[in-house]
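S.K.: Listed below, chain by chain, are the residues.
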Amino acid sequence: MVREAQGAMAYKFDFSFLADRWPAFLEGAWLTIQLTVVAIVLGFVVGTVCAVLRVYGGGVLRRLVGAYVEMIRNTPLLVQIFIVYFGLASLGLKLGAELSAIIALVINVGAYTTEIMRAGIESIGRTQLEAADCLGLTRFQTVVHIVLLPAMERVFPALSSQFVLLMLASSVTSQISAEELTAVANVIQSDTYRSFEVYIVVAVVYLALSFLYRFGFWLIGQLLFVRRRRLGTAI
Amino acid sequence: MNQFTSVHVFYLLQAARWTLLLSLIALMGGGVLGLVLALGRVSRSRILRGLATTYIQVVQGTPLLVLLFLSYFGLSLAGYRLDPLIAAGLSLTFYVGAFLGEIWRGCIEAVPRTQWEASDCLGLSRFQQYTHVILPQAVRIATAPTVGFMVQVVKNTSLASIIGFVELTRAGQIVNNSTFQPFLVFLFVAAIYFAICYPLSVASRILERRLHVAR
Numbered sequence: 001m002v003r004e005a006q007g008a009m010a011y012k013f014d015f016s017f018l019a020d021r022w023p024a025f026l027e028g029a030w031l032t033i034q035l036t037v038v039a040i041v042l043g044f045v046v047g048t049v050c051a052v053l054r055v056y057g058g059g060v061l062r063r064l065v066g067a068y069v070e071m072i073r074n075t076p077l078l079v080q081i082f083i084v085y086f087g088l089a090s091l092g093l094k095l096g097a098e099l100s101a102i103i104a105l106v107i108n109v110g111a112y113t114t115e116i117m118r119a120g121i122e123s124i125g126r127t128q129l130e131a132a133d134c135l136g137l138t139r140f141q142t143v144v145h146i147v148l149l150p151a152m153e154r155v156f157p158a159l160s161s162q163f164v165l166l167m168l169a170s171s172v173t174s175q176i177s178a179e180e181l182t183a184v185a186n187v188i189q190s191d192t193y194r195s196f197e198v199y200i201v202v203a204v205v206y207l208a209l210s211f212l213y214r215f216g217f218w219l220i221g222q223l224l225f226v227r228r229r230r231l232g233t234a235i
Numbered sequence: 001m002n003q004f005t006s007v008h009v010f011y012l013l014q015a016a017r018w019t020l021l022l023s024l025i026a027l028m029g030g031g032v033l034g035l036v037l038a039l040g041r042v043s044r045s046r047i048l049r050g051l052a053t054t055y056i057q058v059v060q061g062t063p064l065l066v067l068l069f070l071s072y073f074g075l076s077l078a079g080y081r082l083d084p085l086i087a088a089g090l091s092l093t094f095y096v097g098a099f100l101g102e103i104w105r106g107c108i109e110a111v112p113r114t115q116w117e118a119s120d121c122l123g124l125s126r127f128q129q130y131t132h133v134i135l136p137q138a139v140r141i142a143t144a145p146t147v148g149f150m151v152q153v154v155k156n157t158s159l160a161s162i163i164g165f166v167e168l169t170r171a172g173q174i175v176n177n178s179t180f181q182p183f184l185v186f187l188f189v190a191a192i193y194f195a196i197c198y199p200l201s202v203a204s205r206i207l208e209r210r211l212h213v214a215r
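From first to last, the protein sequence lines are chains A and B.
Position one of the first sequence corresponds to residue 1 (this note's numbering), numbered consecutively onward.
Position one of the second sequence corresponds to residue 1 (this note's numbering), numbered consecutively onward.
If we strip away everything but chain A, and leave its shape as in the complex, we get (with noise of 0.2 Å):
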């Protein structure tokens, strides 16, 4: 054991993969991102109208929505992601891999979205509502202009760091042989035997992207709620 542990003293970093292979890092990025910004819209448009159904809906949608919400959130995304693949091929339906984990994705974080959004649908006071109905809009028109922007704008630092760790998170879809950075990483290391070296890349990578999110958040919080208003201040 101790020689052994003197070898790795001695042992070299190389590095040296990257000279040719760094396109393929881009490439795997590069899908990461499109996989994760489809399934972070989707999976808010869904998680949203869960919410609201969650909130406003009837006594069966509600609890469907509650189900649906609960069952998603206490399973691991990888075991989502093997019934999308697996379990839906083998009763017939055949969707790629990219396609499967675009889908498990959604799923996966609309449950996760329509809690948080549920949580800042519940924030908006009454008074926004009564005032709402005393200028005669409906249900439908007081989600829509006066519900919706001021509880996603409560909840938004919560949202956006809910949609980081989904973009990490993704990762698991190389499982599946999605071709993203991770699996692009698998590849490489399998060709290379520099495992050690080629994972700090990519968690440099991930490190990198999960940055870039958050400043791309940022940014949608800033265009989104023009009122500059400091979080967690009254609506």
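Since the hints were made in silico from the structure, they are not lab data.
Among the clues, some could well be false.
[Claimed, not checked] Capping the alpha-carbon separation at 25 Å, the derived lysine to any residue pairs in SDA-like fashion look like this:
hint, chain 1, residue 1, chain 2, residue 2
1, A, K12, B, T179
2, A, K94, B, L75
3, A, K94, B, I174
4, A, K94, B, Y80
5, A, K94, B, F180
6, A, K94, B, L82
7, A, K12, B, R81
8, A, K94, B, S76
9, A, K12, B, A191
10, A, K12, B, F183
11, A, K12, B, Y80
12, A, K94, B, F183
Starting from the structure of chain A, add chain B where the hints point.
M.R.: For chain B alone, kept in the frame of chain A given last:
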């Protein structure tokens, strides 16, 4: 072709014990690391604060899967035998520590300033302030979010299957390879995870409600 039978059910339930064990290792290791990080985050020393912040930022900005690969291949570089349980336990510890550190920092900071000032006036040392005044109150605040986070830990142990550790998800893959009924098998696997995680989710919610009532 094999049918999905009670033998498989029993096998999956047995594998679930490894999921629980791995969760326990991750929680204990991550708990110790998380406490150190949380105290570092609220420390008066700028260097300690910077170190803890950097660690949390880096780990929270990296996928657990990549951490898993790093510790799996890193261990072999350091000259140790590759053991998926150790690699998984190690990377989950690093990962859980970063998140618990950030959660617990919030809980420590949620203890009112006046508690610090009052204990200052009583002449308590910094150490005494933590052990006798601040941490007992922070623990109360921290219970609900920590139990809630345990759900994430249990779910994240599923990634250990990828480096070949036979826990619940890997056992599901093995059963699936012999029965070719992925829909049934993975739904059953999901149901076992649900049976572990749902009580934790409910407990977290009840604890949170109780805390708010107490105020």
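S.K.: Could you check the structure against the hints above and give me the numbers of any it violates, in ascending order?
M.R.: Result: hints 1, 2, 4, 6, 8, 9 and 10 break, sorted rising.
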